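Construct all of the structure, not just a fragment, from the sequences and the given hints.
2 protein chains.
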Amino acid sequence: MLDFRPVFLVVGILLTTLAVGMIIPAAADAVAGHPEWQVFAASAGVTMFVGVAMALASRAGGTSFTVRQAFVMTTLSWIAITVFAALPFAFSELDMSFTDAFFEAMSGITTTGSTVITGLDSAPPGILLWRALLQWLGGIGIIVMAIAVMPMLRVGGMQLFRVEASEQSEKVMPRAAQIATAIGVIYLGLTVLWAGAYWVAGMSGFEAMVHSMTTIATGGFSTSDASLGHFASVSIDAIATAGMLVGGLPFLLYLRTVQGDFRVLFRDTQVRSFFAIVAVVVITSAAWLWLDNGLDPLQAIRYAAFNVASVITGTGYSTADYGLWGSFAVPIFFFLMFIGGCAGSTTCGIKVFRFQVLYAAAHTQIQHLLQPHGVFIPYYNRRPIPDDVIVSVLSFFFVFGLTFALLAMGLGILGLDFLTAVSSAATAISNVGPGLGPVVGPAGNFQSLPDAAKWLLAAGMLLGRLELFTVIVLFTRSFWRG
Amino acid sequence: MLDFRPVFLVVGILLTTLAVGMIIPAAADAVAGHPEWQVFAASAGVTMFVGVAMALASRAGGTSFTVRQAFVMTTLSWIAITVFAALPFAFSELDMSFTDAFFEAMSGITTTGSTVITGLDSAPPGILLWRALLQWLGGIGIIVMAIAVMPMLRVGGMQLFRVEASEQSEKVMPRAAQIATAIGVIYLGLTVLWAGAYWVAGMSGFEAMVHSMTTIATGGFSTSDASLGHFASVSIDAIATAGMLVGGLPFLLYLRTVQGDFRVLFRDTQVRSFFAIVAVVVITSAAWLWLDNGLDPLQAIRYAAFNVASVITGTGYSTADYGLWGSFAVPIFFFLMFIGGCAGSTTCGIKVFRFQVLYAAAHTQIQHLLQPHGVFIPYYNRRPIPDDVIVSVLSFFFVFGLTFALLAMGLGILGLDFLTAVSSAATAISNVGPGLGPVVGPAGNFQSLPDAAKWLLAAGMLLGRLELFTVIVLFTRSFWRG
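Heads up: the protein sequence lines correspond to chains A and B, in order.
Those letters in the first sequence? Residues 377 to 858, per the numbering used here, in order.
Those letters in the second sequence? Residues 377 to 858, per the numbering used here, in order.
These aren't lab readings, by the way, just hints derived from the structure by calculation.
Misleading hints may appear alongside valid ones.
As the list claims (entries may be wrong) - If you only want the chain A side, here are some residues facing chain B, beta carbon under 10 Å, derived:
#1 Gly702
#2 Thr740
#3 Leu792
In this text the structure is predicted, and so the values were computed from the model without any measurement.
Ideal placement from N, C-alpha and C gives every residue a C-beta, glycine not left out.
Written as structure tokens, this is what we have:
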């Protein structure tokens, strides 16, 4: 039998932290004289009680983890946090069903950004702040997991980043906790920086804070139903575009930059490929918008850059409905959703390093076809890729495709039309936010979907966020027999 | 420099054979008193001349192949055959552009079954016979290639079937040519059998012949714009359903069955998985048609079985527009297109054995996550799968997905709407035939697409038919440098 005590101890501590986080929107509502502060205070009380009780009851179990405990801990902590993070939504004056509250909380904590709420512009500040805070916590949470937990679990090729992390730690930082703390400080610093920029560009202090949190977290929740389109400002679009791209880079490299290695970001092959992909798609889309839709060149670049950055990083802000740019845009934005940013960033999706490994594997495969007895070794970042990483990444791609297909078919069975079904499935599993088409597109909202579809999509978000295998292993016989 | 002479020798011989094949529709038109026989006679003359000239000019080159020559030979022969097979369409009274003629010929020879011709019901018999003959030749062509060429080229995991083929040959049949001849006889026998069945069920002799050829070849060309829906016959639907499934099984196993090993088909894991997938989708779809669309249970099974068999084997016959069955059907039939039948059959798509290898690899991956130091070996057909096969198959899946995405984006740029673009890309690369939606769906036609889209789709058909890598290697630097 699996010893759940170390798992419950961690979950208890995380819930206690979440309860402390709830005090922030409570304070915001209280300052604004809004009675909703009581909702947050009550939710904080319940969450705190459960969290402390779990932690205390499990404290005898020790804090060292087996691999199986680590898998259970990871999935269970994200689900538990989502359940309790949903409480303020469920109890708020927005009068949301628990399904809607859970969907919104999952969309927040996984930094997806799909929403079921309309009327954001007149929503109480506490709720807006809570949504942003969930994405912000989810963003730093996934970075820390990508550095400290995922390489140990060796999920989907993440072991590729174990070597670098441990080399790093031997040289400069002795322990993962210290790295995590340092990265947390950088994350906070970037958030403050972007909040300042948004404020200078004309947002109110509150709007600047909310948007800077959901920009750096590549989350995409906004204070307006019209998303960033509400501000209709060139400088805000530019700040957001830069911020989303910053959120899509590996945060470990920021740490090394701060430590004095200024060229590390430019040398990293994942970062270079990420920018190469962004550049190609932005230039193609801008050329189309200029030549075919008749925008002037600067406008075309502005819209193309903003929307490409928003979709590839899975942020999901919108200023325009690219579904209306014509047949050209829909397939491109559809496939762009799957790409994602860099490993160790706040983004989701398949991620750039996996495409690099996939490409290297396919290229080696072709050389091997031509010279069956030759020995060809695929490289990543100037190092040979170990065989087990190649099979990990290739299997990840297959399981990603399969999960996407099952999700889309499930949504079709629930009555969603083809474009809504496939784009919702893609946007959920890649944690993007909006889908495509009139229902769930950038101008739409997930409110009208049937409840079962919302649960399916929430499951898709969790699967995508935790790199699929982390969740799937829990449903295998070997896991519980082992 | 590559010695092209052995390549041209084979292409010359194939073109000469094609020219002989053109005499059949010429004879059919002559017997029917139709002046179109001259078109076929002239096309036969041109093709014969070029074929014989190529063969004679290249006969000094010998007949042994290097791997690189085999790659060039494979791709070049399919393209050359398509170009000359397009002549009768281009010269016929149907007055087709060369783009349309090439599209139709490629769709025929790759057993895809997408068509740009309307008015089939009143078309001259020679043209209808020519379309069927192309699919029939393409069907046996791909079986022979899957047995004799593909395992040697080791494309996409096809080396998995090399062992079995050579074991087989040591025991019973000494040479590949003999195996190919024996399978050709079986292929002819099945075609005659199905022609008889169609005739008994009420088709004319001509219709029975055309449809039996395009059934066993899982091609899907018909004598009517309404496809098999024209006959509105339960028994014809049943015969077609059985025939398409027969065309989706590995023909090598039929040979072993004929040689006396009657259980080989039931023991084969690929065959069992193929039928398991068909059964699950048929039962699900039939249940839906019964419970939600109100068909009576037998009608529901008839429609579900026919359409699932038609799409999974990539035949592409239709009796009903499943696009109108509601939101349920579209995503399911979309993803069904990618599956395909068994390796060594006339079907295309990713193929069942690859999904088995992918599943085995993913399952091993999960066990490996739970016990990082354990040794887990994926199995196929009760034998361990060699590492290079796993990487081959996984890379194939990635390149398949990438090619599909690029094709769909290209079609979007050319102005096709999302459903038309993604389903056309899928139906081309998987050699299915009809796409989804009002334009290219079972009730539609590829005629209205822009020329550039037709060329893209023809390229997709060729890529899919030749297992992608066979064509892609020709576009790499290492191929021409090596």
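Hint check results:
Interface hint at Gly702/A: satisfied, since its Cβ lies 8 Å from the closest Cβ of chain B, which is below the 10 Å cut-off. Against a cut-off of 10 Å between C-beta atoms, the interface hint on Thr740/A holds, since the closest Cβ of chain B lies about 8 Å away. Against a cut-off of 10 Å between C-beta atoms, the interface hint on Leu792/A holds, since the closest Cβ of chain B lies about 6 Å away.
Violated hints: none; the structure is consistent with every hint.
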